[in-house]
Amino acid sequence: MLMDICMVAILVLSFAAVIGFVHWCAGVIRH
Amino acid sequence: MLQIAITLALFVILVIPVGKYVFHVADMKKTFADPVFDKVDNFLLKMMRVDTSSMNWKKYAVTFLMVNAVMIFIGYLVLRLQAMLFLNPNDIGAMESTLSFNTIISFMTNTNLQHYAGESGLSHLSQMVVIIMQMFTSAASGYCVCMAMLRGLVGKEMGNFYVDMTRCITRIMLPLSTIISLILVSQGVMQNLNATVTLQTIEGRLQDIAQGPIAALESIKHLGTNGGGFTGANSANPLENPTAISNIVEMISMMLMPGACIVTFGHMVHEKWSLQKKSLKQIFFGTQGRCIFIAASVIFLLGLSICYFAEMAGNPIFEKLGLVMSGNMEGKEMRFGIAQSSLFTTVTTAFTTGTVNNMHDTLTPLGGLVPLLNMMLNVVFGGDGVGLMNILVYALLAVFICGLMIGRTPEFLGKKIEGKEMKLVALSIIIHPLLILGFSALSVVMKDGLAGITNPGYHGLSQILYEFSSSAANNGSGFEGLADNTVFWNITTGLAMFFGRYLIIVPQLAIAGSLMKKKEVSASVGTLRTDTTTFSMALVMVILIIAALTFLPALALGPIAEHLTLWY
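In order, the protein sequence lines correspond to chains S and C.
Start counting the first sequence at 1; every next residue gets the next number (this note's numbering).
Start counting the second sequence at 1; every next residue gets the next number (this note's numbering).
Check each hint, because a few of them may be wrong.
[What the hints assert, rightly or not] If the Cβ cut is set under 8 Å, some of the chain C residues that face chain S in the computed set are:
hint, residue
1, LYS58
2, LEU65
3, ALA69
4, ILE72
5, ILE74
6, ARG80
7, THR98
8, PHE101
9, GLY407
10, LYS420
11, LYS423
12, LEU424
13, ALA426
14, PHE498
15, LEU503
16, GLY513
[To be verified] Simulated restraints, written as ranges between beta carbons of each label pair:
hint, chain 1, residue 1, chain 2, residue 2, range
17, S, ARG30, C, PRO89, 21 to 31 Å
18, C, LYS519, S, ALA16, 30 to 40 Å
19, C, PRO316, S, MET3, 40 to 50 Å
20, C, GLY93, S, TRP24, 39 to 49 Å
21, S, GLY27, C, ASN455, 40 to 50 Å
Quick caveat, the hints were computed from the structure, so don't treat them as lab data.
Here a beta-carbon is modelled for each residue, glycine too, at the ideal position from N, C-alpha and C.
Isolated chain S, as found in the complex:
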């Protein structure tokens, strides 16, 4: 169960990082 929580947490953080990257790329285009 603990490993499941860890795996899901890694997935959530990874997706959050990629969505953050989308916003960063949008900033690059804007400026």
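On the provided structure of chain S, position chain C as indicated by the hints.
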């Protein structure tokens, strides 16, 4: 050699009409399938209450990520609960958590790296709901983002992800995979929901024969450049690939969509410039499509030649021992031989599918260098949609470099390329080697990483490089020598697949979004032409130089050192 020539000729013949059809689907034009599929698509979109208006690049990218995220979490749950669910005649237990993490990322990112054997690790429900379904959706996702990028590059609106996804699955993936499944069934590939049977062989031993929806999986496995086999031995297993005809069908299937995307791109550009007169080459490949196709073909044929002749040359140590060998047959199926194995190896890594009909770990060092390099380049046709996106990023880089060298304005498809696009181009290109080399470096300094190596020395480094190249390129083929079902390998390769997919697609969509908004400049004498064979060659050189600058040191310590040790 004749078999190789026939396969490649069939590919070129088929890719043209399929590319034209894909262009019609992508551009919302009329097709012969509309009367049936319009009703199906409209019903599905209405049922899901989807807003079908066009999206900007940012919304398209976030929707793509969110849809993938939902499918990843559902798939993870099914893999962890498969023991309690139905359609499990072999009583297979739940998949271990880090292996589930690796498997679900692997299939959602179109990689299909397998750290498990399908016949003993998955229930029929998991094979269908997780594996086969994600083979459709991951391939369709790649196709959608590619079409959005192409629309952006030619100055059209980027489209709607949900509409693209639905149209791609109903109009391209489902009909084509049904046809391929039926051809494979005619060749003897199984399609049932029965449990594994244990039979007595002629030698008197007992052997387990896996059964299940194999033909359905095989068709989309190749068509969607997925590559994950129903059985651990993948397409080397006669249950998945029984005859020479099925072998050719599987190869053509994996080449079809990436090749067709290039033709689609050519037709889109041709239509954008409203060119009335069409030369023969423009009728087949459209404007611009031909030079991209030539560049990818040159690198593909170069790799194929090296792989084939390296395997034909065999192993010099056997000759010294007085053994008469006709080439290197270790790890190859007798029914396929060296020619079909070399072609399959080159195709599966160039078109980033990852299915194998021979074991890549037992290729000669130079033969093994080819699949490794194909995955490191990640632009030799590449996977469904994403391959073309990678080539186009290199085309932008080639335009920029060539433009600077000869004093021309960097323009691509009538749009000026500026610093902000080049930043994203550089980022998109550099992430791939960073993932491969960074994770490989981590593995060689960590105990858990080194523990996976089964063949220490130069070959051990090749095993590590191959694993991460396959993961970051979303290829999925295995060197098969690595003991990779451990917590360390499951998590690191999982992350390499994840970031190798999403971190590269995002800046590519951003580039298209940026170019889409720009005003078109008319071509002048100062414009570098990008529809010529000269540009194809410049593109090839740019790709090879970037590859040499990033990967040559690692390759020199792996397969190149192994080759020199073996022969000199």
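Cross-check of the supplied hints:
Contact between LYS58 (chain C) and chain S, as hinted, is supported at the beta carbon level, the nearest pair being about 5 Å apart and thus within 8 Å. Look at LEU65 (chain C): its Cβ gets to within about 6 Å of chain S, closer than 8 Å, so that hint holds up. Because the closest C-beta pair between ALA69 (chain C) and chain S is about 5 Å apart, less than 8 Å, the hint holds. The restraint placing ILE72 (chain C) at the interface with chain S holds, with a minimum CB-CB distance near 6 Å, inside the 8 Å limit.
For ILE74 (chain C), the shortest C-beta to C-beta distance to chain S is roughly 12 Å, which exceeds 8 Å, and the interface hint is violated. The criterion of a C-beta within 8 Å of any C-beta in chain S is met by ARG80 (chain C), whose closest approach is roughly 7 Å, and the hint holds. At a threshold of 8 Å, the smallest CB-CB gap from THR98 (chain C) to chain S is about 7 Å, leaving the interface hint in force. Because the smallest distance between the Cβ of PHE101 (chain C) and any Cβ of chain S comes to about 4 Å, under 8 Å, the interface hint for this residue holds.
Proximity of GLY407 (chain C) to chain S is violated relative to the hint, the smallest CB-CB distance being about 27 Å (cut-off 8 Å). Contact between LYS420 (chain C) and chain S, as hinted, is supported at the beta carbon level, the nearest pair being about 5 Å apart and thus within 8 Å. Evaluation of the LYS423 (chain C) hint against chain S yields a held restraint, the C-beta minimum of about 6 Å falling below 8 Å. Nearest Cβ of chain S to the Cβ of LEU424 (chain C): about 6 Å, under the 8 Å cut. The hint holds.
The beta carbon of ALA426 (chain C) is not positioned within 8 Å of any beta carbon in chain S (closest approach about 11 Å), and the interface hint is therefore violated. Here the hint on PHE498 (chain C) is kept, as its CB sits about 5 Å from the closest CB of chain S, short of 8 Å. Contact between LEU503 (chain C) and chain S, as hinted, is supported at the beta carbon level, the nearest pair being about 6 Å apart and thus within 8 Å. Here the hint on GLY513 (chain C) is kept, as its CB sits about 7 Å from the closest CB of chain S, short of 8 Å.
For the hinted restraint 21 to 31 Å between ARG30 (chain S) and PRO89 (chain C), the CB-CB distance of approximately 56 Å leaves it violated. With their beta carbons about 36 Å apart, LYS519 (chain C) and ALA16 (chain S) fall inside the hinted range of 30 to 40 Å. At roughly 47 Å, the beta carbons of PRO316 (chain C) and MET3 (chain S) sit within the given window of 40 to 50 Å. Under the hint 39 to 49 Å, the C-beta atoms of GLY93 (chain C) and TRP24 (chain S), about 42 Å apart, fit the expected range.
Between GLY27 (chain S) and ASN455 (chain C) the Cβ separation comes to about 46 Å, which falls inside the hinted range of 40 to 50 Å.
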